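Now for the letters of each chain:
Number of protein chains: 2
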Amino acid sequence: MNTQEVANKVVELTRKQAWKEALDTLYSKDIVSVESQAMGGGSPESRGIEAVQGKTDWWVNNMQVHRAKVSGPFVAHDRFVVQYDIDVTDKNSNKRMQMSEVGVYTVKDGKIVREEFLPQTGKEK
Amino acid sequence: MNTQEVANKVVELTRKQAWKEALDTLYSKDIVSVESQAMGGGSPESRGIEAVQGKTDWWVNNMQVHRAKVSGPFVAHDRFVVQYDIDVTDKNSNKRMQMSEVGVYTVKDGKIVREEFLPQTGKEK
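From first to last, the protein sequence lines stand for chains A and B. Converting from the first sequence to the numbering used here requires adding 3 to each position, the first position being numbered 1. Converting from the second sequence to the numbering used here requires adding 3 to each position, the first position being numbered 1.
Incorrect hints may appear among the rest.
[Unchecked claim] With a straight-line Cα cutoff of 20 Å, these simulated SDA-like cross-link-like pairs (lysine to any residue) come out:
1) A:Lys-72 / B:Thr-124
2) A:Lys-98 / A:Ile-52
3) A:Lys-94 / A:Ala-71
4) A:Lys-12 / A:Ile-52
5) A:Lys-72 / A:Thr-17
6) A:Lys-12 / B:Gly-125
7) B:Lys-72 / A:Asp-88
8) A:Lys-111 / B:Val-37
9) A:Lys-111 / B:Glu-38
Everything labelled a hint here was simulated from the structure, so no lab data went into it. Bear in mind that the values here come from a model prediction, so they are computed numbers and not experimental data.
Based on the sequences and whatever the hints tell you, model everything.
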């Protein structure tokens with residue numbers, strides 16, 4: 004798949020919250036995944052498909068998703084961007100949050116080799 | 004300036020279309036600027052502040068901007084993303100176009116050293 008096809012598939016699968024299918028079919032085994040902040044004090048960077056699988060499991064187990072809007076993709080060369088607007092409740096704290104972030108993805112040989120998540124820090128105008 | 008401050012300044016200046024001020028104050032002299040497609044058959048990649056200044060001049064001289072919505076920034080580590088929704092008329096062809104794209108910016112030592120522009124290729128849902 005080229006970048007456009009991988010990007011389309013990410014949008015399709017995240018819209019139906021098919022995280023496992025996305026990981027199994029679109030990600031390189033050597034994926035590097037970078038969060039804006041480390042969860043629990045570790046590194047914001049995870050390496051390898053098992054680590055990313057662990058993050059996904061944590062998300063699914065800990066978050067109740069009320070609504071997720073997936074916008075894009077934006078595509079050029081080996082890079083694509085997808086915007087996520089999500090409304091979730093953290094099952095542990097019962098805190099409900101609305102978050103907007105973009106994922107910046109890099110594709111090599113038809114697989115995602117890097118993803119970075121950037122939260123929105125500015126207000127809409 | 005850190006990444007957040009540079010990002011805020013890009014949003015502030017592009018909202019008022021102060022392209023020259025943005026270039027003069029926020030960009031590294033060694034900026035690498037990557038378009039999704041080359042204008043006029045050359046390389047999609049421009050190197051150096053003069054080349055980017057040339058692109059900006061071309062844009063200002065050739066496009067009549069009816070409306071520009073600037074969203075973001077989305078910020079993490081050395082990277083930030085800004086979304087541009089623009090409604091312009093190409094003064095040469097008189098063709099009016101609505102475009103959405105994101106800029107993915109990389110910051111080093113308080114200056115933008117790389118920018119990539121990715122057009123939206125998927126429909127909103």
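Quiz item: Which of the numbered hints above does this structure break?
Solution: 2
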